[in-house]
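Please work from the sequences and hints to get the whole structure.
These are the residues of each chain, in order.
Protein chains: 2
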Amino acid sequence: MMTTEIKALTFDVFGTVVDWRGSILAELNALGRAQGISENWDAFVEQWRQGFRQGQADVRAGKLPWTNMASIHRKKLDELLVEYGIHNLTEEEITRLNTAWYRLKPWQDTIPGLTRLKKKYILATLSNGDMPGLVNLSKFAVLPWDCIFSVDMFKHFKPARATYIGACELLGLPPEQVMMVAAHNYDLKAAQSFRMKTGFVLRAHEFGPQQTVDLKPEGEWDVVVQDLEELAAVMGT
Amino acid sequence: MMTTEIKALTFDVFGTVVDWRGSILAELNALGRAQGISENWDAFVEQWRQGFRQGQADVRAGKLPWTNMASIHRKKLDELLVEYGIHNLTEEEITRLNTAWYRLKPWQDTIPGLTRLKKKYILATLSNGDMPGLVNLSKFAVLPWDCIFSVDMFKHFKPARATYIGACELLGLPPEQVMMVAAHNYDLKAAQSFRMKTGFVLRAHEFGPQQTVDLKPEGEWDVVVQDLEELAAVMGT
Chain A
155 MMTTEIKALT FDVFGTVVDW RGSILAELNA LGRAQGISEN WDAFVEQWRQ
205 GFRQGQADVR AGKLPWTNMA SIHRKKLDEL LVEYGIHNLT EEEITRLNTA
255 WYRLKPWQDT IPGLTRLKKK YILATLSNGD MPGLVNLSKF AVLPWDCIFS
305 VDMFKHFKPA RATYIGACEL LGLPPEQVMM VAAHNYDLKA AQSFRMKTGF
355 VLRAHEFGPQ QTVDLKPEGE WDVVVQDLEE LAAVMGT
Chain B
155 MMTTEIKALT FDVFGTVVDW RGSILAELNA LGRAQGISEN WDAFVEQWRQ
205 GFRQGQADVR AGKLPWTNMA SIHRKKLDEL LVEYGIHNLT EEEITRLNTA
255 WYRLKPWQDT IPGLTRLKKK YILATLSNGD MPGLVNLSKF AVLPWDCIFS
305 VDMFKHFKPA RATYIGACEL LGLPPEQVMM VAAHNYDLKA AQSFRMKTGF
355 VLRAHEFGPQ QTVDLKPEGE WDVVVQDLEE LAAVMGT
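So the protein lines, in turn, are chains A and B.
The numbering used here puts the first residue of the first sequence at 155, with every later residue one more than the last.
The numbering used here puts the first residue of the second sequence at 155, with every later residue one more than the last.
To be clear, the hints were calculated from the coordinates, so they are not data collected in a lab.
Take the hints with a grain of salt, since some may be wrong.
For lysine to any residue, the following SDA-like pairs were computed, each having C-alpha atoms within a straight-line distance of at most 20 Å [stated by the list, open to error]:
1) B/LYS229 with B/LEU218
2) A/LYS273 with A/PHE348
3) B/LYS272 with A/PHE294
4) A/LYS272 with B/THR269
5) B/LYS273 with A/ILE265
6) A/LYS230 with A/ILE265
7) A/LYS273 with B/ASN290
8) B/LYS274 with B/VAL296
9) B/LYS161 with A/PHE348
10) A/LYS161 with A/PHE348
11) B/LYS293 with A/THR269
Following this line, the structure appears as C-alpha cells:
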C-alpha cells in the first residue's frame, strides 16, 4: 500500500474510537446507585446495543422507515425499562440516559493517535451514529475531526454502498485515496468492496471480557494495528 | 433574545470568516510576478467571483444541473484565462490557481472569536462553498468547527430553504435554537424567514475599498457586531 496516495481516513466511531460499553455501564451503575436500583447492567447494555442492531436490520429490510440511532436507542430503552421493572425515572432522566451515548470515553490511544494522524490526513467520522449524537460526542470527548459524516446524511446504515461512496464524494476523493478505519470486519469488507483502503484496529474488549467477535482480521486489510497510535506510526505520522 | 436558548451557530464562510478577496488577490499577484504577467487582478478577481454568483443563479433557475462552487469557479477561470490572454499556464498551475479558494486567510478576529464561542456553542459552517473546499480550507486556516455543512449536502445553494432547514435537522435542533452568522443581509433574511436566529457581522472591506453592499444591517437581526470577538462577548463567552 502506498500511504502517500491516501488523503483521508474515515473512522467508525462506536467501539473503534470510543468505549461505548464501558462508558454506558458506568452511567447505568451510577444511575442504579443514585436510584437504589440493582440490576444486571451488563445484560441491560448488551440488550440495548442488540436493540440497535435489530433496528438497523429492520430499516435495511424495509420493515422500518429511516430511523436514526438516537430514535432506535430510545425505543429500545423504553422497552428495557419496562422489562426490568424500572418505573421511577422521570422523562428528563430517561432522556439523559438515552444521551449517555453522547458521553462516551475515547480509548486511551484515541486522542494521541488522531492528533498525530490529523497533521497529514483529513480525518472524518463515518458512523452509524446519528449526526447530533456524533457532533455532541465529538465535542464532549474533544475528538479532533476535520469533519463529521453520519449515516443521517445518507439515510442508509453501513454497510450500504451509499454511505461509503457518499463520504468519498463529499470529500471529493476517489475511494482509493480514502481509508476506512474500523474495529469491525464487516465494515472493512464493505469499504474494500467499494475500493476504499482498509485499516483494522483490534478492540478486544469492546464487547466486554467475553468478546468473541472481531478478535482478528478476517480479510486482506491494508493495515492491521493494535491501536490508533500504532496506526499513526504505520501511516507515517 | 435569550442567548441561553441558542445551542449552535452556523457560519457563512466566504467573506464572513475568511478574506477571500485579499487572499485570492495575493495569489494572483504572486502568480503574475512569477510568470511575468501584468494584469488588472482586482478586475480579474471581481469577474471570477461574479462568475460564481452567475453560476448559482443558473443552477437556481434550472439552466444548470447541480454544480458546486469548485466546478463553477473552474469553468469561469478557464474563460477568464482566455479573456485575459493568459495562455502559458500548465494544467497543474490552473488547478492550483482554482484551489486558491482553499487557501484563504481568516480575518484577524476569526480564530480568537470562534475559539471563545466554541466553549459554549456548537459551531458549524453553512456555506455555499463545496464540501472538499470547506474541509481543506478549514484545515488550512485551522478553523475550529465542530462540523462542516456545505450546500453539496443539500444540492441547493443558499438562500434555499433546504440548506437552512437541512443544517438544523442534521444538528437535531429547532431553527430557533440555531443562529445563522453572516456578513450578508440576504443570507440572514432567508435564515430568519425559516425561524433561525440571526447574527450580522460587518465586513466593510470584503469586496475591497469600494464596497457598496452589506455596509449595514438591513433587517431586524438579533445581533449586530463589528467582528467575531464582539460576537463571542455578546453571546456570553
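Query raised in the report: Does A/LYS161 pair with A/PHE348 here, judged by a C-alpha cut-off of 20 Å?
Result: Given that 20 Å is the threshold and the Cα spacing comes to 17 Å, the pair holds.
Report task. Take a quick look at whether A/LYS273 and A/PHE348 sit within 20 Å of each other, Cα to Cα. Result -> violated (26 Å)
Report task. Verify the proposed pairing of B/LYS273 with A/ILE265, using a straight-line Cα cut of 20 Å. Result -> Given pair B/LYS273, A/ILE265 holds - Cα atoms ~19 Å apart, limit 20 Å.
Query raised in the report: Quick one, are B/LYS161 and A/PHE348 close enough, alpha carbons at most 20 Å?
Result: violated (37 Å)
Query raised in the report: Straight-line Cα separation of B/LYS293 and A/THR269 no greater than 20 Å?
Result: holds (13 Å)
Query raised in the report: Given the proposed pairing of B/LYS274 with B/VAL296, does the C-alpha separation stay at or below 20 Å?
Result: Holds. B/LYS274 to B/VAL296 sits at ~19 Å (cutoff 20 Å).
Requested in this report: Assess, step by step, whether the Cα of A/LYS273 is no farther than 20 Å from the Cα of B/ASN290, and give holds or violated.
Outcome: holds (12 Å)
**Report entry** Pairwise hint evaluation, A/PHE294 against B/LYS272, where the allowed Cα distance is 20 Å at most
**Finding:** Distance of about 12 Å is within 20 Å: holds.
Query raised in the report: Taking only the CA atoms, is the gap from B/LYS229 to B/LEU218 under or equal to 20 Å?
Result: holds (13 Å)
**Report entry** A/LYS272 paired with B/THR269 [C-alpha distance capped at 20 Å]
**Finding:** Holds, at roughly 19 Å.
Query raised in the report: Given the hint that A/LYS230 pairs with A/ILE265, does the C-alpha gap stay at or below 20 Å?
Result: Roughly 31 Å between the alpha carbons, so the hint for A/LYS230 and A/ILE265 is violated.
When each numbered hint is compared with the structure, violations occur for hints 2, 6, 9.
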